[in-house]
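According to the numbering used here, the sequence shown is numbered sequentially starting from 225.
Everything labelled a hint here was simulated from the structure, so no lab data went into it. It is possible that part of the hints are untrue.
Stated by the list, open to error - No farther apart than 27 Å at their CA atoms in a straight line, the calculated lysine-lysine pairs in the DSS-like style are these:
#, residue 1, residue 2
1, 317, 269
2, 294, 274
3, 316, 247
4, 247, 274
5, 247, 294
6, 316, 269
7, 228, 316
8, 274, 317
9, 246, 228
Fair warning: this is a prediction, and the values are worked out from it, not measured in the lab.
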Amino acid sequence: MNVKIKAIHFEIAERLVNFVNKKAERVAHRVPEMTDFEVQFTLVKPEAAKNKEATVRMTVPPFGDMVANKTADTFEEAFDGAVEALERQLEKKQGRK
């Protein structure tokens, strides 16, 4: 599985990279067919609350790419919300198999 992390408008902290990698590993254990896990963090409006956005793209054959985007007060919260949304998408798609 390939994990890619990109930060837009800020320098990413090592602790956030470690957080993403741990969560990606957990998801990979539940979804072994996943091939790619891409995360993009964006600092939207620095002066506002809920200004941290996470976009997560997961490639799971045979379903293809699935994308979720969440905004929250912290990057960790936004990332967790996006991953939860992707897991719900995957459950729906697997139910239709």
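Okay, the hints, checked on the actual structure:
The suggested pairing of residue 317 with residue 269 is violated, with an alpha-carbon distance near 34 Å, which exceeds 27 Å. Distance check on the hinted pair: residue 294 and residue 274 sit about 10 Å apart at the alpha-carbon level, within 27 Å; holds. Pair hint residue 316 plus residue 247 holds up; C-alpha atoms about 21 Å apart against a cutoff of 27 Å. A hinted pair counts as satisfied when its Cα atoms are at most 27 Å apart, and residue 247 with residue 274 qualifies at roughly 22 Å.
Restraint check for residue 247 and residue 294: the C-alpha separation of about 16 Å stays at or below 27 Å, so the hint holds. Proposed proximity of residue 316 and residue 269 is contradicted: the alpha carbons are some 33 Å apart, above 27 Å. Proximity of residue 228 to residue 316 is assessed by CA-CA distance (about 25 Å); at most 27 Å being required, the pair is judged to hold. Proximity of residue 274 to residue 317 is assessed by CA-CA distance (about 30 Å); at most 27 Å being required, the pair is judged violated.
Between the alpha carbons of residue 246 and residue 228 the distance comes to roughly 13 Å, so the proposed pair stays at or under 27 Å and holds.
Hint check: violations occur at hints 1, 6 and 8; the rest are consistent with the structure.
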